[in-house]
Structures are given as structure tokens and as C-alpha cells.
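Number of protein chains: 8
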Amino acid sequence: MNREQLKNLLENVRSGQMNIDQAMERLKNLPYDDLGFAKIDTHRQLRRGFPEVIFCQGKTVAQVRDIVVRMTEHHPVILGMRASEAQYEAVRTVVPGAVFHADAKAIVAGEIPKPVCRGLILTVSAGTADIPVAEEAAVTAEVMGNRVERLFDAGVAGIHRILNNHKKLIEANVVIVVAGMEGALPGVVAGLIDKPVIAVPTSVGYGANFNGLSALLTMLNSCVPGIGVVNIDNGFGAGYMASLINRLGETE
Amino acid sequence: MNREQLKNLLENVRSGQMNIDQAMERLKNLPYDDLGFAKIDTHRQLRRGFPEVIFCQGKTVAQVRDIVVRMTEHHPVILGMRASEAQYEAVRTVVPGAVFHADAKAIVAGEIPKPVCRGLILTVSAGTADIPVAEEAAVTAEVMGNRVERLFDAGVAGIHRILNNHKKLIEANVVIVVAGMEGALPGVVAGLIDKPVIAVPTSVGYGANFNGLSALLTMLNSCVPGIGVVNIDNGFGAGYMASLINRLGETE
Amino acid sequence: MNREQLKNLLENVRSGQMNIDQAMERLKNLPYDDLGFAKIDTHRQLRRGFPEVIFCQGKTVAQVRDIVVRMTEHHPVILGMRASEAQYEAVRTVVPGAVFHADAKAIVAGEIPKPVCRGLILTVSAGTADIPVAEEAAVTAEVMGNRVERLFDAGVAGIHRILNNHKKLIEANVVIVVAGMEGALPGVVAGLIDKPVIAVPTSVGYGANFNGLSALLTMLNSCVPGIGVVNIDNGFGAGYMASLINRLGETE
Amino acid sequence: MNREQLKNLLENVRSGQMNIDQAMERLKNLPYDDLGFAKIDTHRQLRRGFPEVIFCQGKTVAQVRDIVVRMTEHHPVILGMRASEAQYEAVRTVVPGAVFHADAKAIVAGEIPKPVCRGLILTVSAGTADIPVAEEAAVTAEVMGNRVERLFDAGVAGIHRILNNHKKLIEANVVIVVAGMEGALPGVVAGLIDKPVIAVPTSVGYGANFNGLSALLTMLNSCVPGIGVVNIDNGFGAGYMASLINRLGETE
Amino acid sequence: MNREQLKNLLENVRSGQMNIDQAMERLKNLPYDDLGFAKIDTHRQLRRGFPEVIFCQGKTVAQVRDIVVRMTEHHPVILGMRASEAQYEAVRTVVPGAVFHADAKAIVAGEIPKPVCRGLILTVSAGTADIPVAEEAAVTAEVMGNRVERLFDAGVAGIHRILNNHKKLIEANVVIVVAGMEGALPGVVAGLIDKPVIAVPTSVGYGANFNGLSALLTMLNSCVPGIGVVNIDNGFGAGYMASLINRLGETE
Amino acid sequence: MNREQLKNLLENVRSGQMNIDQAMERLKNLPYDDLGFAKIDTHRQLRRGFPEVIFCQGKTVAQVRDIVVRMTEHHPVILGMRASEAQYEAVRTVVPGAVFHADAKAIVAGEIPKPVCRGLILTVSAGTADIPVAEEAAVTAEVMGNRVERLFDAGVAGIHRILNNHKKLIEANVVIVVAGMEGALPGVVAGLIDKPVIAVPTSVGYGANFNGLSALLTMLNSCVPGIGVVNIDNGFGAGYMASLINRLGETE
Amino acid sequence: MNREQLKNLLENVRSGQMNIDQAMERLKNLPYDDLGFAKIDTHRQLRRGFPEVIFCQGKTVAQVRDIVVRMTEHHPVILGMRASEAQYEAVRTVVPGAVFHADAKAIVAGEIPKPVCRGLILTVSAGTADIPVAEEAAVTAEVMGNRVERLFDAGVAGIHRILNNHKKLIEANVVIVVAGMEGALPGVVAGLIDKPVIAVPTSVGYGANFNGLSALLTMLNSCVPGIGVVNIDNGFGAGYMASLINRLGETE
Amino acid sequence: MNREQLKNLLENVRSGQMNIDQAMERLKNLPYDDLGFAKIDTHRQLRRGFPEVIFCQGKTVAQVRDIVVRMTEHHPVILGMRASEAQYEAVRTVVPGAVFHADAKAIVAGEIPKPVCRGLILTVSAGTADIPVAEEAAVTAEVMGNRVERLFDAGVAGIHRILNNHKKLIEANVVIVVAGMEGALPGVVAGLIDKPVIAVPTSVGYGANFNGLSALLTMLNSCVPGIGVVNIDNGFGAGYMASLINRLGETE
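Residue numbers (the numbering used here), protein chains in the order written: chain A, 63 to 314; chain B, 63 to 314; chain C, 63 to 314; chain D, 63 to 314; chain E, 63 to 314; chain F, 63 to 314; chain G, 63 to 314; chain H, 63 to 314.
Worth flagging that the hints you see were computed from the coordinates, not collected in a lab.
Please read all numbers here as calculations on a predicted model, not as lab measurements.
Heads up, the beta-carbon is just placed ideally off N, CA and C, and yes, glycines get one too.
Check the hints yourself; a few may be wrong.
Not close to chain F: a few residues of chain G, all C-beta gaps over 10 Å, as computed [unchecked claim]:
1. G98
2. G172
3. K176
4. V178
5. G311
25 Å max Cα-Cα, derived SDA-like pairs, lysine to any residue [claimed, not checked]:
6. K229/H <-> K176/A
7. K230/G <-> D256/G
8. K229/A <-> K230/H
9. K176/A <-> N74/B
10. K176/C <-> F162/C
11. K229/E <-> E312/E
12. K230/C <-> K176/A
Model the full assembly from the supplied sequences, consistent with the hints where possible.
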């Protein structure tokens, strides 16, 4: 249930179009919908501006499917992250038009809205192997109503690749920078612009990268301010954060 | 040299009010001013919207003083972080009106601008011992032209302290949450609002907090999206990031 | 051999119903029963109030089966944790009515006793993916004779889900809180009640959760006192600890 | 304000002995008392059965003193942990009878109550150097109304020292075991009794003890169930947890 | 080539039974035998009293086989550790009587010598799951000519299991103690005897045992002196060290 | 495009043999060639003296093949590291003569140049299991035009194996030393010679080697100066660094 | 009370020279002597062949003094490790002839016995800065009745320094090798001899030595078997272990 | 004793100008000079081309002084690193002209040689606080006979500061890059040039830099090949490595 739907319901009560019992019925599953193994936070859109996103990893195929079914009663578009092929197939049986973004491991069930924010979110990856995480960020931001562009394989080994895209960097409202190995790219990007940077370390690399720890520490210790860091491989969190920021840029 | 100053200079050249040699002289120390031990990045305001901030830790008293002297030629207000009392005293000999924020260990040399952003930045601390880091964030944001409010000692041990300030949380454009020990507060706050949260882990605590590692990991692993994390005790970085975000909320 | 059986034996010796040789025979395998690869601690129920629990991980199928066979001679119900499907199948050949709790990976061979404690143990999980560990705790406490209730998927991302169950929290004698990722839930729960909380970090999450380290540190560093922490994913230890505590609440 | 005081107040309102305005005045500083730098959680005794305890580390002398002053308006006894000599001296100026436990670094301002629980809490230390942490636990439990006994320097290097005190171990309702270095004692103790054990790792040791990490890991990984672990050097948390458990043993 | 063989050769040269050229031929592959991918240290028995032991992990099946072939020319018994079934099968094609100890993952090619040391090496394991590592130690010591006894599943959860075997502990010249999880057993054993203890941490456990780190740190930090620690799961190293020590106990 | 090709092109423009449009066409894909998922850094040979090397891990088979196709337009020999068998098979379909070094997991597509440096690069491995990493280094250096020799299985357990090769060590211009487990060999080698040593820790070992961390720390902490360390298992980086150094030894 | 004294006492009882009450009086403080803050393990010499050693770090000056006083009633020589100058001064007031080994931070109160073991313990240090730890080992072994020699500053940077002392290495029964930084020396030494090596990592070094972690890991991961490792900077533990081993070499 | 001196001595023996006894006297302290607490490696210049460098940290003032005295008998210039002011004062009493580089904490006793290598070593620091480590590298290289230039405060926050010095980077034979915090500069520099880069992480920073671990991991994981890493804050090691490399560039 989103803000608009709640407002309509309350106006219908006031105007007498809906009686108290009917309203109670509609509202009774608030503030969450209990499936036993999951309590779907149906109020989340009201509080946070976007419905709960399903973290599919560690859930059974049946649990994911059932949560999606219940959520489609309230929301036009549902997002499932870190999903498996099998979870997607189960979702498709109940939401036929659902789409699976294999790179991003994301299920999108329902209509992706037209961009509601004019500002641009730019998603940059340092290497080709970082693309799946960058796609997770990009898909998240698109589903949340943003205009998104991608700039892949622009790491510091050939720094002209990012310098040559300076104009694109300047144009964006928020820049998401995804990097593994030494994770130096977010600092370089942040030093060139006056907009917030969301840094996403990835587990790409080997040896002393310790599954992404190296890139994470690099980003946290950047001598360049204006960077917010999310968890290793957390493209979703970056896309979400970028969306909250980009929304601020809109004249309401 | 800020954007306005550069534009004036170029217009003066075009109009003939300033000849090429004079312009060259003015511009010659671009893009940085080399003191030998430091290369002051005089273009930083042009690129990033705010002049270079001096990281005083590890610099001698004389180095800090000399950098401030050189920077005052270009900028109306200069910020020095992680400064000692002695560094401040040296700065005051060259910039008499400079102020020292003892909690935040910040030197402000010059005029703090009137807030140029209407949006509110709210700085929350989980405990009393986290206040110095929260103040570092707040002073940074104020010097960068923001309206800032403080809400201190609102940790999860008495969760009603944050729930009772729900209205204030909702009002802010960006919320900075500073917490040591288990660092759970940013996740709780982010779950209640639809604005970006900047999370700052602090080294407050003992034992298995490992000087802030505990709070840092908590914030990175939050199941609540919409959080960007900065380094342990990095109030400055949080204030800077919040300022970049808050500026997006302005109609230009 | 439990306390009651031992007492009977000794009284039989005193009354002459059992001669010394017979008693020696009965007692000869005390204080442990040596299988070569395992020394079954047959006195454990006497010392600790509950027989040895079999840690199945790392044991062969045959070893688990043989230990169960030997233990059923002394105890009405035997618990095997971190068991595989194959180990269970082997146990079922010797204890036909044995039950396998697939979620909890627990074998229960024998009768689960009626709850002998009136006090309630409440098992709370932060997310759906934490349920297996929570079930491990719940099954353990049930086998040890406790009344157990479950409250799943009540994490801090939607904090009203736990606040709305305040009455249930207050009712319990002990609350087990199972959480992965940032592991903030135990602190929030402990802050609301005046009963002991057993905190169980799980390895649920990714990246900088470092297989549960993040949640573990959070729980150890909680600013809320009244929390005892067990090993990552150690639902069994939590259920056992809760049982020892709950027993104290009984009038003997 | 404790439960009794609140009940009296409400009965006075019902009986007309106190008017609404007077009640409002009494209740107005609920649920917390805001000093700016601290929000004293005045409801904590209602929720948790014991007032907020002051974590003195990282607070200024003046902050500690002011918090104590404000809290004495509501509570007969106040506990301050990790306090310095100087903080204590400041407290003594406002609460003349306040006592400083130098070993435990604890300020007790007010009357320690007579033990209200009949059950015994036994505090065991592995070595002499662990005594300060053990004392922190013991003082906390005493201030919370428990009967406490101490058994110091009983580590596994001479295991007969703990085995010879078996009777004392059996007598206790809860045993707090404090150990540094390899931290093996809690597991040995837990294996001998059928009561809950609270394990406190200390930072005592050197080299690969990594400031208590070694003892912490030992306790978390104990093959003996029935142990709840608290943070390194967190005697306070252990005393608090033990008190919550011991209270369950009382017939109310 | 062992010391005896070398002495004979030199005496044969002196006595004229072997001419210089023949001796040169015999000695030419000293001090190592180069296979390209491996330099077999043929002098190791002379220097260390036992021939090189083959660390099979990370070597191909063919490499292990070829090294064994070459070594059998010099030594009556060859030991291969961390061997796979496949490596063993290949060895058996060239040394038909070779034996595979599946638990210990050890290949023994050749005759195990009669015990040459009278002293006893006792190998103790804390749990059943630690047996493979304990067997690795025991087989190593047996191949090196020692009398070895085994005492398995004697961990601290039921401390009487080790106390009841006190006599056996006292009898040994060296005690190898193998333990996972919290790894407390070596300290308890060392505290009971006046002989050296070799402690072997294992990776048995889960969660915060961090693949054996927990047990390793426990053993290094033991408050009981007289313990030498080897690498996690390094039964071979323990058996080797014990053999060197046991040999000192012989009257030569 | 290498330096020679670029110079020819510019001279052709100057002499009129090539018109501006033709030159533009040739240069248009400078400074990188954008495939969407990858930006091939075509200028790298100009800047660094060797074309970009493809890090195949984490790239799809198709991506590797397409990058190779595009690069063969500019370079006579292309190197792909950490490649799979499948990636190689795909490359072979487009570059028939491509060779796969299975040990080194390296694809070499094109002609390996004759050694252009007279100086010798010596690649030493401590054990047989370290050979794959040593081969990665050796193949890299060979492809970059160096004379390379190998000396395998020369670890400190039989220190005469390295001392006996002293002459070979002295002959080399640069020595690459590859070692796992305790990683002591580079320090011993560096102490014997007056040439730079490149140290490569490997993940060979088990237990407390923590996947190569042990060898890495050993090499970084060597009391012997003259050692540069690369990432764990990074034979490629070592070979590349050695090539840059060896080139300095040439009279140009 | 040592074995001899106990035997005499029992013989005196048998012969009637001492009556039961007198014997009880003498034995009453067995098996430990309780000072409240310490339980002196008076039986330790009986069990372990050497009286309890006082770990002075973390004990007050008065505690150390009182423990020494009580122990001198039972033992001819007492050893206190990690002692401060002040603790020593206090001991000297009660045991006038006590000696302080400043390097080793060891108090020796009483007569050092003549060497009772013929075998040699050789103590080797890699660097000059490692001498204090090496001295701690040497003094411990001397006080326990061993013949000890020292060989300092023989690290791998100049490996001939250890090779030139080969004869001395061969002569020893046990070799203690003390090394900081990369800690490679114990492996090199062990590879040259056929006697057990006790390896002591020290915290000497900086940066990525992580206070001795580097040397510790090196020693644990040595590819050379025959090494037992003790805690970082634990010279005492090494001297104690070496003494237990050396005693085995005696014909009794 | 250097190579030249040794050659002269031997020629003098051959020609009869020096008799055997005299030569023996001269050579008798070979290959090291034993002071008891130190074995000065007098052959190191012969083996490594430069005499032993004194690591002063952890040595007493007297030890440093005595080592210098002894070494001046053999070498014209002696280098002491990580020296204290007090150590320097003691050295000056025996070598009056000795110089102390306070930034680098380096004692230079004797004549710095004229540059013997034509190639340039460029020392770059990322920040002002990194200068002491950069100076340690620069002084080392100068004492070893190299031409050295410095380029300080050129970090990635203002990347034009390094790009503008491109010409200087290209000119150097070896570039030493010193950086703390995120340590990204070496990768950026290496990507721009075709010469070897020595990367030195520093402990400059705070929080999650973990005393230089962050910068260290960044440098090890760089996606740019051609970088050799030394220990945290190890300017000396970098200068030494750079000198060995630079010497290769000379035509001999």
C-alpha cells in the first residue's frame, strides 16, 4: 500500500464511500503481513518511499514465490535480489511477466516505472569482472524510477579512460563507482567532481584482496571526501542509496 | 580561487581591463601552489565546490601555519581537521580571528558562510562519548554552508529516545548517525525515514570493538538499505558527504 | 543413567535386592563408555542434568549410529546436532522412531518429554534466512523439556515488527535472538525487557559480514547489558543455555 | 522512578490525592531527561528492573557529575563503571557517601540494597591479574541485590584448585568465570555443573592473546554447552546478566 | 643413504675394496637428486636422522610416484603425507607393498621399523572428529621407530575422561594432544605431568573457530608452560617433533 | 599500436604519404577501444612498453575471445592470464596458433619474441607445489622478451640446494623467488646476492598459512633489504616487474 | 614441597618420628596455599618437577612479594617472570639475595642449582633486539638446572653466521631459536640438525610484522618438521619446554 | 672490507709484499666480527655491494655506538636507520662528522659518495605526512651512490598534481612511491610509465587504515603490474631496492 492508496482510503472513509468495517478489513494486515517464516513489511513504502525488497539468498524457492505473491497485492513492481535461476522460475509461475537480470541476479516482477527523477545516476565499473555488481546497482536504481547510464571498464591502470569521460561524470547527480582489487577508482572519481560518490567494493581479485577486504579498506580510507561506502558486492545498497539522494534533487 | 573569481578574471581579459601578463601572473600558481612539503590544490574549489581541507595530523605546526597563510590568499574560509591546540595557536598568529572547536579538533579560519542550503542536516550521536566525532561532522557541514541540528545520546539501549524524535528525523534532508560500540543506530534510523543516512562508526568502546571495527562492520552489513558508510571516527568525511548531498536539494 | 536410576540402584544395594556384583556390573561402564573412537560420557546427565549431545559433524555415519545405540541403553531421548541426512538414515535403522528436523539438522531419537518447566523460552529470528539456526535452538530447548514459542523475521529494518510483539517478549523467561548481517536485534530486544537474552550470530549475509563475524562483534559490543553470546550459528548452545536458565525459574 | 513509585502516583491520581497537573509535572521528564550531551533514560528501571548504569569512559568529569546529580533525584543507588579517580572525586562532591571500588573502577553512589535474591552468584577468576574484571562483575551483582561469593586464582594450570571447590560451584545459581590468556576455565567449570555459566574473557596476557581475542574465541568455541559469553573485560555485563538470571530463581 | 651406508662406503674406499671411481658414482647424486620439478634431499637422513618426507598435496600423481621411485633407491621406508587415494594407487604400482592409512592420509612405502626407542609417545585426541589428525601424528611416530599409544575422545567437556587416564599420561615420554574447537585440552594435560606436550590445533569446529585459529591461539596462550605448538591440522609435524624428543630419552 | 608503428604513421603524414583523414582513421580508436563491457587500452604499449594483458578470471568465454580478436589488430603477441581451458579453446578458434600453458594458466596468442634483453631472469621455486606460480612468472617474462631460467624445489628445508646453485644466482640480473608455507626463501636468496629479488608468496600450505598470508608477511618483514613483494600467487606481476627491471640493464 | 621432602615426611610418620597431627599440620596447606588473591599451587613441583613460576605482570608489588614469601617456605629457588624493577625491589626486602635479570625481566630468589642435566641447551637469537627474549629463555633453563649456551645475532641476512656455528648446533640436545621480523631462522636451524627446536617469535620489527604475528606464522608454517612453537615473546615457555625435553636425555 | 681491498690484499700476498701471518691477521675477523650481542657481517659488502646497515630500533645506545666503531674500521660510510636522537649523540662522540637526518631518523657516519649511477631515482610522496618515510628512502639511495629527486604531496585527491609532473616521472629509472591512507598513488604512477615502481605503504591515516594495512593491501592488489611492495613505513627497504635496480642501468 503506497501513500496515495492510503490517502484515498482515508478520504473514502471521511466521505462515507467506505464504511469503517471495510476500511478495517483493508487495513487489518497492517503494519506487516505475517507468513510465519516472514513478516512482510507492508508499510515500508509509506515510511521509506519504496516497498520492501526481497533478499532471496538463503530463502527457499517456495518462500520467495509466496512472498512475491503476497506483495503483488500491494505494489505494482517488486524487486528480488541475489536470486537464483530456480527462484526466478518459481516467481514466473505466479507473475508471468517477471524478468530475470542474470548479471545482476535480480528478479523484477511488475512494471519498471518511467524515470520520475530528472537527475542522472552514473554507474561506473573499474573492470569487466565488476559488471555484475554494477548491473545490480543500475537495475535497482532503474526500478526505483531513475535515469541511469553505465560506464564500464574504466579502471586506474589506464587512467585516461576515466579522464576522457569527464563530461559524463560532471553531468551526473550521483556517481556509483564499483571496483575490486585495489579499489582506487572511487577516490579518483570523487576528486574530479562536486557530487556525491557511492563506492562499492567487489570481491573481484585474488590473494591479498581477501575477498574484497582490500577494496573496502581503500574506499573507507580515501583521502578524498565525498564518498559513502557500502558492503562488498552490495550493488543493491548502492543503487538504493543513490536513488534516495537523486530524489532530493527534484523540485517537488 | 573560486568559480566567480575565475570568471571575473577572464571577463577582465576579454574587456581589456587586465592584460595578458597580469592574468598570467594571477593564474601562474595554478593548478596548485607548491610549498615543497605540500602542493596546495588551488583548483579544488573549482572542481569540487569547496577548497582543500587541511588534514593537520602528522603535519608540523609550521607546515599547518604556512599552508593556511597561502590558502587565505584564495579563499574566505579555511578548515583544518584533526588539529592540535598548538597548531591552532600558530594559525591564530596569522589569522587572528581563527576559531578552535576543541571537541571537533577543528580550526576554522575565516567567516563561516550563512547557510546557503535550505535543507536540514541532522547529526545524531548514539552516546555522549561519540559527541566529538559528531561535532566534527556538524562543524564541517556548517562551514560548507548548511543548516545543521544536533541530537545527542539517542542509542538503542533506550530506543524510545530515537523514536520520540521521529519528527525531527523526518524533517531532515540527510541524517548523519554517529555510533560506537555495536553501531546499530544507523540501521534503526534508516529504517524509519526515506532520506539518505551517512553512518560514522567511532572507536568508542573496548575489548572486541577492536577500535571501531565492530561498529564499522555493523554499518556495512546493515539489512536496511540507504546507508553510506565512512571511515571510523571520520566525522569530517560524513559532514562533507552530507553537504554534497544537501546541495542537490536546492533549486538552482 | 540418570539421577533417579542411580538412586534406585543404591537403594537396592542397601536393601539387599541387588548384590554387590550386580551393582558393579551395572556401574562398571561408569564414568564413561569407551568405544575406542569415542568415550561416551555416561555420567553427564548426573553432572549436568542432561545426557551428552552428539556433535555429528566430522563423525562417520557408522560412528554416529554406534554412539546412538550405546546411549539408548542409558537415556530415554538422545539428541544429535549438525547431522546429515545419511547419518539420520543410519540412526533410524537402530532407533526406528527417530525424527529428523531438516531445518535444524537435528536428530531426535526417543520421546521428547512433556515440558517440565512452566516458564516460556521465546526464539526470535531477525530474518527468514536465520530460521534454521533458530530452529536448532528451539528443538534443543524442547527436547530438554521446555515450553518454546517462535517469532520469525522481526529484524530492525521494520522495527515495528518487534515492537508490536512487545507483550510476547515480556511474557518469556528467556529470549533467544538469532540474527545475521549486522546482528543488531538482540540489543534492541534486551533494551525492552528485564529478562536474560541469549544472542546467536549467524553467518547469513555476504561480503564484510565475514561469515558471521560482523554479527558476532555487534552482539559482544552491545551497549545494552543482559546479553550472553554464543558461537556463530550455534543454535544448540543457545537452546541449552536457555534451558539451564529456565530451570532456575521453577519452584523445586 | 521505579515501578512502585509509578504505581503510587497513578493510585494517587485515581483517588484524587494528586491532581492531573501535579501528576503531569511529576511525569513530564519521562521517558528521558535531556541534558543536551546526554539523555538519561529515566524509564529504564521500569523496563529493565534496574536504572541506567553510567559508562564513564569517554565522558568528562563534569558530564559524569551532572548525570549522577540528575539520576539521584529518581534512584536510591547509582552505578558508574570504568570510572576514573577524578570522576569519582567529582561525584563525591555531590553525593558525599559515594564509594569508589578501585579494582573494579566502579563508583557506587547511594545505598547498596540488602540481597533480595536468595540464590548465590559465584565469581571465579582464573588468575590474580584477572581480579579487577572479576571485581567489576561482583560489585555489579551486589549493587543489583544479589548474594555474591568470590573464588580467585583457580586456573587450569593447577586444575585441582577448581576441582577442590566443586561443592561451592554446585551451590551457586549462576557462575561467572573470568579468564585471560587461553581462557579455558569457563569450559572446564561448565562441564562440572548444571547451572548457567557467564564467561568473561580478559585482555590479560601478551603476544598472540591479541588483547583478549584468544580467550574470547576459546569461550565462544567451547565444546561444553551452557555458556554465554560477554565482551572482553566486560565484568559489568557479566554481573548484570547473572543478576537477571538469578532473579528468575526467586519465588515471586 | 643413511649414516651406516656412508660409513661403509668410506671404509671400503680406505680398504681398497671400492675404487675412487666407483665411490664417485655412488656419491655423485649427493647432496640432492634433481628431477627438475623436485630436488630430492638425499642427505636429509644424514643431517636429520630421517629421510625427506613427501608432502603430497599440490603435487601431481606422477610427481609423487617418481619421487617415491627415486627415494626407494636410498631408503628402506618412505613416508608420504596429505596424500590422495589416487596418489597412493600410483605409488602402489611401483612399490607393491605400500600401505595407505586413509584416516591419516599417509602413504607408507616400505617396512615400518621395529620400535627403536623404548620411551612411549602417547597421542591424545579431544574429540572423535580430531582422530584423523591424531592418526597422522601416530603413524608418523611409528614409521620413525617409536612405541605409540592412542587415547581418543578425552576432551574437557567430561574432564574425568582425561583424569581417569592419569596413569597412562604419566607413563609417556612425550604426549601429543590434538584438539579442535576451543583447544583447551593440551593445557589441562600439561598441567598434570612433567613431560613435554606437543599441541596440535585442528580445524574441527565452526563459526568463530575460524578454521582452527581459535584452538591455535588457545594453545599458544596457555598459562601452563611445557607446550610446543605446531600448525593447524599438522599431525605430521607433531609426530616428527615427538620422535626427535623421544630419541633423546634413549641411552646411546 | 607500438612506438615504431606510431612513429611511422607520423612520418608518413609529414612526408605526405598518408593524408590527414587516413591518419585520423588509423588513430581514431585511440586511446582505447570500447567494446562496451571492456575498454581496451590500446595506448598501453606506448606508455608502458607492453600491451595490456588480459586478466581472464571473471570474464566470460566470449568476452575473452572478443578482446583477443580486437587486440590482435594492434599487437603481434597477446597474453591472457588466469585463463581457463574453455577460454583458451575459444581463443584458438580466432587465433589458431595460440598456445595454452596449463601450469601457468596462460594463453599466449601470437609469436613469443626472441629475447631482446641479454640479462638473465632466474625463477626459483621453494617447492614443487609452487611451480604453477613460478611458471606464470617465467612465461610472462619470456613473452616480454627476456631470457629466463628455472630452478625449482630449492626451499630452506635443505638449504644446500640453494647454496649449491650460488653461481646461477650470481649470474642473474633479477631473481624471482616463489614460495608458500613460511616463505623464507626470498630472504635467504637476497642475502646472498647483490641484485634485486622479486618475492612471490603462494597460497601453498594449510592451516595457519591462511591462504598465503603467512608467506606474504614473511616476505614483507624480511630483515634482508632488496626485496620487492607482489600479491599472493601473482606470478604474472613478478614476471612483469622483473622484465621492467631487466630492460634497464640493456645499453640502448 | 618437593618429592624428597614429601618422602621424608611420610617415612617419619611410618617410623614414628613425626606424629599424625604434626604431619597434618605440615600437609594442611596442600594442595594449594590460599592467599585470597592467589592460590599458590604447592603441589606443582610434585606434579611437574618444578615449582610454580610467578607471572608478575598484572600483579601488584605487594602481591608478588607476598607470594614469594609464602613460596620460600617450600622451595629453595623461586622464579618470577615479566617482573618490574619495583616488584624486584619489594622481593629483595624479603629475600635479600634475590637477583634481577634486567634483560630478561626475571627475578631469581634463591640458589640457582648446579646443572643437573649433562645435555646442552643452546639459545640462539636472530638479532640483537631479540636478546631480551632469548635471555628470558636462557635464565629459565638455567634456574631449572640446565647447562645453557648463547649464540646471538645470527639471522638469515648473513646466513654464514649460523652455518659457521654448525658444530655448536650439533652439540646441543635442544636448540631454542628466538627471532622477530620474518622469523625464518628456526626453520633454517631445524633443517641442519636432528634435535628438537623450540621456536620463539618476538614482537621485534614494525609495520606488517603486526607485533610478532608475522614471525609466529612463519614458524608455524615451516616446511621443516621438528619445531615446536611458543607464544610471541614467550622466552620463559621456551626455556621451560627445553628443560622438560633435556631432562629426558638423562640416564636416571 | 670491500672487493677492492680484498683484491689488493691477495695481490700483496702473491707478490710477497705481505706475508701470510699479516694476511691472516687482516682476514681473521672474517666473515663476521663478533661483539657478543652482535655479529657484524663484515663480508656483506662483498656479497651485496653495500655494507650492513644498522637497524637501531631495539638496540641500546651503547650497542649502536660500539657497532659503528667496529664498522668504521672497514667501511668509509655507515648507515643507521630508525635511530633515536640519543643514539645519534653517542655515535657523534666516536664519529664526529656523523650527520642525523631527523625526518628520516637516519644516522650517516662518513662520506656520502658522489653519485656513481647516472640513472635517476625519483621519490614521490602522496601527502605531507608521508615525507619522513620518503626521506628515509631518499637518504638511503643517496648514501648508496644514487642521484635522487623528490616530489612531495602529489596524492590522488588532486590527480593533476601527479599528471603535471609526467615528464619527471618519465625521466626516472626507478620511482619510489610512498603513500598512506588508501595508498592508491603507486598504481596510478605505474600506469603512466614503463619503469619499475617501488611502493611503500605508510601508517599515516586513522581508523580502518589499521596502521598501514589498508595502504599495503591496496598496493599488493594493484591491477597495474610493475610494482614491488615493501613493508609498511619501510623507506629504507625501498631505497635499497631502488639502488640495486638503478645499478643495473649502468654500463659496466
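Are all C-beta atoms of chain F more than 10 Å from that of G311/G? holds, 25 Å
Hint consistency between K176/A and N74/B [alpha-carbon to alpha-carbon, up to 25 Å]: violated, 46 Å
Within a Cα-Cα threshold of 25 Å, do K176/C and F162/C meet the stated pairing? Measuring from Cα to Cα gives roughly 19 Å; hence the hint holds.
Beyond 10 Å from every chain F Cβ: check whether that's true for V178/G. holds, 34 Å
Check the hint pairing K229/A with K230/H against an upper bound of 25 Å on the C-alpha distance. Not satisfied, since the Cα-Cα distance of roughly 28 Å exceeds 25 Å.
Take the C-alpha atoms of K229/H and K176/A, compute the straight-line distance between them, and say whether it is at most 25 Å. violated, 50 Å
Taking the minimum C-beta separation from G98/G to chain F, is that value above 10 Å? Holds: least Cβ distance 40 Å, greater than 10 Å.
Classify the label on K176/G as holds or violated, using whether its beta-carbon is more than 10 Å from each beta-carbon of chain F. holds, 37 Å
When you check the alpha-carbon spacing of K229/E and E312/E, does it fall within 25 Å? Holds, at roughly 21 Å.
Distance restraint between K230/C and K176/A, which requires alpha-carbon spacing of 25 Å or less: violated, 44 Å
Within 25 Å, alpha carbon to alpha carbon, are K230/G and D256/G? Holds. K230/G to D256/G sits at ~13 Å (cutoff 25 Å).
Evaluate the condition: distance from the CB of G172/G to the nearest CB of chain F exceeds 10 Å. holds, 39 Å
Hints 6, 8, 9 and 12, counting from the list given before, are not met by this structure.
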